[in-house]
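J.: Position chain L with the ligands against the provided structure of chain P, taking the given hints into account.
Residue numbers (UniProt numbering), protein chains in the order written: chain P, 1 to 251; chain L, 1 to 428.
Careful: at least some of the hints might be erroneous.
[As the list claims (entries may be wrong)] If you want a taste of the chain L side facing chain P, the calculated C-beta under 8 angstroms gives, among others:
| hint | residue |
| --- | --- |
| 1 | I119 |
| 2 | A371 |
| 3 | I372 |
| 4 | E374 |
| 5 | T375 |
| 6 | F378 |
| 7 | Y379 |
| 8 | R383 |
| 9 | G384 |
| 10 | K387 |
| 11 | L393 |
| 12 | L399 |
| 13 | A400 |
[What the hints assert, rightly or not] Stretches of chain P that chain L covers, calculated by requiring three or more beta carbons in the stretch to come under 8 angstroms of a beta carbon on chain L:
| hint | region |
| --- | --- |
| 14 | 49-56 |
| 15 | 75-81 |
These aren't lab readings, by the way, just hints derived from the structure by calculation. Keep in mind it's a predicted model, so treat the numbers as computed, not measured. For each residue, glycine too, the CB sits at the ideal point set by N, CA and C.
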Amino acid sequence: MLEIKNLKASLEEEGKEILKGLDLTVEAGKVHAIMGPNGSGKSTLSYVLAGRGGYEVTEGAATLAGADILEMEPEERAAAGLFLAFQYPVEIPGVGNMTFLRTAVNAQRKARGQEEMDAATFLKEVRAKAKDLKIDAEMLKRPVNMGFSGGEKKRNEILQMAMLEPKVCILDETDSGLDVDAMKLVADGVNAMRSPDRGFLVITHYQRLLDHIVPDVVHIMVNGRIIKTGGPELALEVEKNGYANMIEEAA
Amino acid sequence: MALPQAKLTATEDRLARLSMPEAPGWSALPRAAALARVETMGLPGRRDEYWRFTNPADLVAADPVPSTHHARQKTQVFDQMDRVRLVFVDGVFDAAASDDPALAGVEITRLAEAQEQDIHWAADLYGTLEAQGHEPVERPLAALNTAYATDGVLIRATGKAEKPVNLVYFHESETSDAILHHVIKVESGADLTVLENGPAAARFNKVMEVDVADGGAFHHVRAQGRDHDRRAVTHIFARLGAESLFKSFTMTVNGALTRNECIIDMTGDNGVAHVAGACLGDGDFLHDDTVFITHDAENCESRQVFKKVLKNGATGVFQGKILVQPGAQKTDGYQISQSLLLDDDSQFLAKPELEIYADDVACSHGSTSGAIDETALFYLRSRGVPKSEAVDLMVLSFLAEAIEEIESAEIREEIVERLSRWLSRHRG
Ligand SMILES: Nc1ncnc2c1ncn2[C@@H]1O[C@H](COP(=O)(O)OP(=O)(O)O)[C@@H](O)[C@H]1O
Ligand SMILES: [Mg+2]
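Okay, chain P solo, but in the shape it has when bound (with noise of 0.2 angstroms):
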């Protein structure tokens, strides 16, 4: 679904590199998890994935559904099926947080040549899953992220994601700043949209996040590069071990 190959990219003003050469494939169906010391470039990689500004990608190629997405503007990733849950969500006052996603839905329902959502279904669908994630209307009403708490912003992101349906589905770091109840909610929020032709690439500093959105395969990235790959027991291995075995291993 999501095919990253030696993926190299720079800061645009500084020059320096950041990702040095990644190689990781998310199969449809299933979910990755990248885990990393701070620094190592994991929100860059969402970033460069997601399009944008700022970066310079000077070696790879990254393809979603066989669709070469690092050519694509930032809205024709996303109405290719790619969406980043944001570490930081953006707080934009004066626009309703259900303009702002009605707008969303049906500018990649156009792109996509299908039908724009009326407002009635629209509103139904808005609700009922607001309604899991425990976002009340109250917070529809607002302007995107204004006065949310952490948490609530984490869980606004998960709604956008529910709504817009995408391919790929890329999390950074949606867990921290979470306490165990929100983070149960945002677990549940990913795991409902868990499905066959659906692939996540979960980022996460944390394992606990991975004892609710459980992984098929977990990967550690250090400096740019992936240096381990294996299945859920390497994120334990992390938890328990730190990253320095690792770094040491890979050397």
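T.: Showing chain L with the ligands alone in chain P's frame:
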């Protein structure tokens, strides 16, 4: 002190083109006094400090710059509202196009008719607030208006107005030079909303004097748009009594030269005054908001919220002042002026000022100029919103604080709708 020769000549040339009404009645006195003020002050010039950012030449010139006229639009911005429409075409009242001005709680007369009456409530007010509005800065174009206004609407609210009064301006002559002077009196406990929209004339000079008595409430929403070659200068002079409320919001899109001045005197305790503006400029556009709020009583709240979105060489100007007089304790003054520059060719010139002579006050002001927030833009695009639409959403987000100053949700939505449509027509 004698005027510099250039100013004197410019003033004489302009005055030579104007004439007072044949039967000015009670307005003769305030008109003559206003003319004397104009002659003493002289009309504004480029060198004047108060016109440092905005060249007044086209507003002062003997003749207006000819401008394309505008067919009457089928739909007007306030069509959704149940309102009393009073229509002026190139500054001339159009009775046939206007509604019957009978309105519960409100008394409406036209200046041109009222000035011929022996007794009229506006006789004591006409030109009075304007005359008091030249300290410490002169506003000669407003005095010129008082002297030569051909018409205007005199509105006195004695209770809660049943519906808003909508002043609609049409522009059909390419060389019209309209001068209108409105006087509004909101009596104690009364509540009035005045709406204004339309292109008005090739050149438009408008004054609105607003006297809000103790406990009165005045709401004003204005839409300036459509006419790309608009050249307009407008003044609002407001005097606010105790416990009164004054709220004015202006949406401005397009316009080669628009100067909106708002001068507010808070004379009674516990008054509230909010002035706000949201403007969008593309290309040949200069918009100037000049605001002067004087706190002369205790525990009053004032807010100035002005937001400008500029592109393709558009210019935005803001001059705003909060003056807190001795004894105006517990003043709560807030002023924000911001511009969103969508390219490097556009500019925002601002002069925010605070002058405080009381010690127990809370006043803040801020002025910023910036580009679109790339992180937020990326966030929107990452959800599939195309760049142009995402930029529009960011623009509306930027304007939100000003738009929220409109109390009526109905009008707020209409304004947002208009702004959105303008944005989608002005992409790139
Ligand atoms: N826009 C940026 N400007 C400067 N440095 C950056 C930027 N983005 C990432 N970096 C640097 O790149 C490295 C990787 O960062 P990041 O991708 O956030 O790592 P992680 O998410 O794994 O903690 C860090 O050294 C970080 O400081
Ligand atoms: Mg990170």
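J.: Could you run down the list of hints and mark each one as holding or not?
T.: Taking the hints in turn, this is what the structure says about them:
1. The interface hint given for I119 of chain L is broken, as the beta carbon of that residue sits about 49 angstroms from the closest beta carbon of chain P, more than 8 angstroms.
2. Look at A371 of chain L: its Cβ only gets to about 13 angstroms from chain P, farther than 8 angstroms, so that hint breaks.
3. Interface hint status for I372 of chain L: violated, as the beta-carbon distance to the closest one in chain P is roughly 12 angstroms, over 8 angstroms.
4. Look at E374 of chain L: its Cβ gets to within about 7 angstroms of chain P, closer than 8 angstroms, so that hint holds up.
5. A distance limit of 8 angstroms between C-beta atoms decides the matter here; for T375 of chain L the minimum to chain P is near 6 angstroms, and the interface restraint holds.
6. The closest approach between the C-beta of F378 of chain L and any C-beta of chain P is roughly 5 angstroms, which is under the 8 angstroms cut-off, so the hint is satisfied.
7. Taking 8 angstroms as the C-beta cut-off, the interface hint given for Y379 of chain L holds, the closest approach to chain P being about 4 angstroms.
8. At about 4 angstroms, the closest approach between the beta carbon of R383 of chain L and any beta carbon in chain P falls short of 8 angstroms, and the interface hint on this residue holds.
9. A cut of 8 angstroms between beta carbons decides the hint on G384 of chain L: the least distance to chain P is about 4 angstroms, and the hint holds.
10. With 8 angstroms as the threshold, the beta carbon of K387 of chain L comes within range of chain P, its nearest partner Cβ sitting at about 7 angstroms, so the hint holds.
11. Checking L393 of chain L against chain P: minimum C-beta separation of about 5 angstroms stays under 8 angstroms; hint holds.
12. Nearest Cβ of chain P to the Cβ of L399 of chain L: about 7 angstroms, under the 8 angstroms cut. The hint holds.
13. A cut of 8 angstroms between beta carbons decides the hint on A400 of chain L: the least distance to chain P is about 2 angstroms, and the hint holds.
14. Coverage of the region 49-56 of chain P by chain L holds. Counting CB-CB distances below 8 angstroms, 4 residues qualify, and the rule asks for three or more.
15. Counting residues of the region 75-81 of chain P whose C-beta sits closer than 8 angstroms to any C-beta of chain L gives 4, which meets the bar of three, so the coverage hint holds.
The structure does not agree with the numbered hints 1, 2 and 3 stated previously, though it agrees with the rest.
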